Structure formats: C-alpha cells, structure tokens
Amino acid sequence: MTSIARDLPAAPRVDREAVAARQARARRRMLGRGLLYAAAVLLALWVLFPIYLITITAFSPRDAVYDYPKQLIPGTLSAETMRFFVDAEGVLGALWNSVLVAVVTLIFSTLIGAPAGYALARFAFRGRDAFRLIVLSTRAFPIVILSIPLAVSFIEWGIYDTIWSVALMHTALALPFTVLITSSIFISVPRDLEEAALTLGCTPATAFVKVVLPLALPGLAAASIFTFVLSWNEVFAAVILTLRERTLPALVLAALNQSPVPFRLAAGWFMLAPSLIFIFVIRRYLLGLWGRVSR
Amino acid sequence: MKGQRLGWAPYALLLPSLVFLAVFFAAPMVQAFGLAFQNDAGNWSLESWRTMFADAQFREALVTTLILIVILIPVQFVLAMAMALVINARLKWSGLWLYIYAIPLGISELAAGIIWFAIFTQQGWLNSILEGLGILDRPYIFLNYQNPAWLISAVVLAEAWRATSIIMIILVAGLQGIPRDFFEAADVFGATSWQKVRRVILPMLRPSVQVALILRTILAFQAFAVVIALAGGGLTVLSSEAYRWYSDYRDSHVAAAYAGFILMLSVVSTILFLWLLPVREEQQG
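These protein sequence lines map, in sequence, to chains A and B. Residue 358 is where the first sequence starts when you use our numbering, and the numbers rise one by one after that. Residue -11 is where the second sequence starts when you use our numbering, and the numbers rise one by one after that.
I should point out that these hints are in silico values taken from the structure, not numbers from a laboratory. Fair warning: this is a prediction, and the values are worked out from it, not measured in the lab. Each residue gets a CB set at the ideal place from its N, CA and C atoms; glycine is no exception. There may be inaccurate statements among the hints.
Stated by the list, open to error - Just a sample of chain B residues kept apart from chain A, beta carbon distances all over 12 Å, derived:
no.: 1; residue: W37
no.: 2; residue: A42
no.: 3; residue: I55
no.: 4; residue: V58
no.: 5; residue: P62
no.: 6; residue: E97
no.: 7; residue: E119
no.: 8; residue: N132
no.: 9; residue: Q134
no.: 10; residue: I140
no.: 11; residue: R150
no.: 12; residue: F177
no.: 13; residue: R186
no.: 14; residue: E229
no.: 15; residue: P266
To be verified - Here are the simulated distance ranges between beta carbons:
no.: 16; chain 1: B; residue 1: F170; chain 2: A; residue 2: L434; range: 46 to 56 Å
no.: 17; chain 1: A; residue 1: P561; chain 2: B; residue 2: F170; range: 21 to 31 Å
no.: 18; chain 1: B; residue 1: G165; chain 2: A; residue 2: A481; range: 37 to 47 Å
no.: 19; chain 1: B; residue 1: V256; chain 2: A; residue 2: S545; range: 34 to 44 Å
With these hints in hand, go ahead and build the complete structure from the sequences.
Put into structure tokens, the structure is as follows:
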C-alpha cells in the first residue's frame, strides 16, 4: 500500500510530508536508542564502579589503604593487604569451613530436593498443589525465626558450633528453591524422550539416568551454583550457630568492628570475588531459574 | 499412564523433603513460638514481649527498619524497572548488560556493606572524590553515630546497590512473558514510550511486580549485616536486636520475640501487597 502511494506521481506534496514525517520518526527512534544506551551504560557504572573501588583499595599496599585523598587510578598494586587478611588468625580455617558448609548444603539440598522437583514436574498426583504451596510459603518466614530455636536444638543434639549445624540450616533455607528450580528444569526436558526410552525397554530408573539426567545436567549445575552462593553468603544463621567453627562471613562479621580497616576491605573483596565468577557462569540460566521460581 | 502404574512414586520422591522441612522448618517455627511465649521456667507468659516492647532500643530498631523499607522499596523498584526496560529493549550486547546488572545477586549483604563502607568512611572514596571536585575542603564524617540521616542513607544506598538485581530478574522474566504483539499494537496506535510503560507494561507486569515487592520486603525486614558493616552500633534494626539479645544477653526468649515480631511484620506486609496489587485470576502465571 504505502509503496504504491509513494510511487504515484500525482501527489508529490503528500510524498514530501510523508518522507519528512518518516525522517522525524527515524530521528526520534535514533534519539530513543541513544538514550537507552546512555541509560544502559549509567546503570552498568552504578553496579561496576563500587566493585572497581573496593578492588583497587583491596589491592593497594597496606599503608596505602589509609591514604587520603585516594586516587581513582592506583599508583601501585600489591597483594600485601590481601595477604595480611588471609594470614590473619582464623581466616583460612573459616574459609575452609565456608567451602565445606556450602558443599554439604549443596549435596543435601540436591539429594533431598531434586527428587521432589522431579515429582512435581512429572507426576499429576493428589496433594501436588498443596505441596507446591507449602514450599512456596516457606519463603515468607525470616531466617531469624529459624536460627534461634535451631540453635537451642543443636545444643541439645550436640552439633552446635559444627559445620553440620550450619549446613543443615542452610539446607533448610535452600531446599524450597532447589525443589522449585529443579522442577522447572525437569519440566523443560521433553517428556516424549523419557517415554520413548520406557517403550524401548528401559526401567524408569535407567530412563532417568540415561535420558533425563544428561539433558537436565546443565540446569542442575546452575541450580547447584546458586545454592552454593546462597550458603557462601549467608551470615545471620552462621553467626548464631557457631562460636569457634566460624564460616568466613560469620568470622568477619563477629570481628568487624574491632578489626583494622585493611582487614575489612580485603575481607569484603574476598567475599565478593567468587560471585563475579559464579554469576558469569550461570548468567544464561538466571532468568529461567528466577523467572520460574517467582511464579 | 505412569501415574496409575506407580501411584506411590511421587509420594516417595516428596517424602525426604517433607521430612526435612518438618524437622528443620516446621518444628523450629513451633519452638520459636514456644520460646517467645514462655519464660525461663517454662510457663506460658508474655514476659519476653513486655521486655522487648519496654526495651529502649526497640522503638529505634522498629523506626529504623520501617524507614529503611519505606525508602528502599520505591527506589529499588524504579532502578530495577529501568534495568529491566533496558534489557527488554534488546540493545546490542544484551547478555553483557544482563550479566552486569545481575552481579550483585551473588554478593552478600556483608560484602556490600563493606564495599559501601570503603566509599563512605572518612578516608574513603566519597570524600576523596568530593574533595577532588572542590565540593569539600576537608573530609566529612558521613558515618557518624550522631548523624543517623547519613547512616540510613548509606545503608539505603548499599542495599539498593546490592538487592536491586533480584527485583530486576523477576521483572525481566515477567517482561519476556508479555506477547510482542502488545507492543506492536501500541506502536500502531502511536503510543509514546511512556504510554507503553504506563498502559501496557505496568498492568501486564502486575503479577511479577507483586512477587518482587513481597519477596524484597520480607528480605528487607531481615537486613542485618549491612547495618553492622556500615553503622556499627550507631544504627539498630530489628534483626540486629534479635542477634544482640541472643548472643550478648544470652536470652533466647526475647530474641525469639523479636523474630516473631519480624515474622508478624512480614505477614502483614505480604497481605498489604496482595491487597494493594490484586492480581486477576487470568493473570496468574
């Protein structure tokens, strides 16, 4: 239609107006795009600039941490401050505890939660919606309210102040997410493939191991990384449930207001760094993981 | 079908998580109730609640927590919406933008608090930059115990910086669920960008907005490490009072009363959001 109208020689004025209008619209769209890019860059700076600042401070020599005014382009970079932090008493042990707790949490929550996720994804059964609702509603309960009675129980059971108590608590926090996330991952594995395997003589178990698992593996890995990060970052429960066997955040928090500034800043960078990598690894799954969970 | 052949299978698969949630979620919840409403002798009493309400820090903690939430939630919502719209505009390198905006998702409250401490502390970056620009002639003490306005602002900035990504992700996931036709229809009718946001995006996004606001508010009631990292003892919130009563005074009863109070506020705010932003039946994902 429009192309015919443009080719008609009888209406040159309309033509010129139309061209002008189209140009104006194109200019507006260019301007709009330009503004969008500007917004994108500004928002990215808002996220990245503080990370840049803590990084150059954490990697300046120990005395330079107190330098003032600070230079946005650092003069010397050094691992001295970081080494001071890592060598400080208790840090390596706490680091090791953090890793152990996160790994145990990851194993527990996957072993316990993934079967439930699979059941939600593949079976229509009575009580399915009720179970989903229970799992969803657990998110409304604050960590604070779980930690305090659990601390009392753990003392009675004799596992207070061990990595197990923290890992169990973190599993309780992570489990609802694991169930919902794994269920959305298993839903995305085509059911036909599994049924084909069953028709070809696989038992449900072998069909799961040989067909479903390999397809679900990347998603499951992303979900596990998410669980790891959740545990690595959690501090309230960790600081309530431990005294000597601190995880890294619990150790840093408990010592925070008595510790020298270089220690704090290095600790901040140290706790932040893994998330840069983890989020990068699972970036393509983020929307899937969170988008589904939020429904 | 399979459901008939293996009728017990789904229940067997659910059993471990149900047992686990019963032991480590339901039981502690009941115990917390018991702790909060019993005294040391094990008798039912409102003693811990009275102690909590009468405590000098309680009012301050409550007010600070509420101020934080009232400022934080709108700020974060606008920021997250801006990020989500930028992602949804499908610019070049859209994966990169999403990654950058999502980075704080993996950063803990404590780490975020420390990062912003590096900015706000007396020999920190904000003073360096302001002095470099000639706005200040000597460093200003932002994180001063006598200056709660700056302490709260620092906490708000740190939390807005850290916890906006979770809202952003939920909004982006919601935006992707809006059919492209809707935007094309809006274009055909000559809608401006602002009209598109107002008339198409916000109404369609309501379920995601509701979830994001509820989730974020519940988490904001638990803000803890970020306050300690930035304000030390200069500012107190409800969670840090629970922590103080548990670890400094060794009184798990009053600590549980605080926890119960936080839970109550979370439930009230959830109901409030459900009521303020009703989601129609057909909009439910």
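Right, here's what the structure says about each hint:
The beta carbon of W37/B sits about 15 Å from the closest Cβ of chain A, which is more than 12 Å, so the claim that it is off the interface holds. Distance check for A42/B against chain A: the nearest CB is about 20 Å away, which clears 12 Å, and the non-interface claim stands. The claim that I55/B lies off the interface holds: its Cβ sits roughly 19 Å from the closest Cβ of chain A, which is beyond the 12 Å cut-off. Listed as outside the interface, V58/B is consistent with that label: its C-beta sits roughly 19 Å from the nearest C-beta of chain A, beyond the 12 Å cut-off.
Against the 12 Å criterion, P62/B stays outside the reach of chain A, whose nearest CB is about 17 Å from its own CB. The beta carbon of E97/B is not kept farther than 12 Å from every beta carbon of chain A, the shortest such distance being approximately 7 Å. With a least CB separation of 5 Å from chain A, E119/B falls inside the 12 Å interface cut-off, contrary to its annotation. Every CB of chain A lies more than 12 Å from the CB of N132/B, the least distance being 15 Å, so the non-interface label holds.
Non-interface call for Q134/B relative to chain A: holds, since the shortest CB-CB distance, roughly 17 Å, exceeds 12 Å. Against the 12 Å criterion, I140/B stays outside the reach of chain A, whose nearest CB is about 18 Å from its own CB. Once the 12 Å rule is applied to beta carbons, R150/B is inconsistent with being away from chain A; the minimum gap is 10 Å. The claim that F177/B is not at the interface with chain A holds, since no C-beta of that chain comes within 12 Å of its own (minimum 14 Å).
The claim that R186/B is not at the interface with chain A holds, since no C-beta of that chain comes within 12 Å of its own (minimum 16 Å). Residue-level check failed: E229/B sits 10 Å from the nearest beta carbon of chain A, not beyond 12 Å. For P266/B, the non-interface assignment is confirmed: its Cβ lies about 17 Å from the closest Cβ of chain A, beyond the 12 Å cut-off. Between F170/B and L434/A the beta carbon distance is about 51 Å. The supplied range of 46 to 56 Å therefore holds.
Under the hint 21 to 31 Å, the C-beta atoms of P561/A and F170/B, about 42 Å apart, miss the expected range. Between G165/B and A481/A, the C-beta spacing of about 24 Å breaks the proposed range 37 to 47 Å. Evaluation of the 34 to 44 Å hint for V256/B and S545/A yields a pass: the beta carbon distance comes to about 37 Å.
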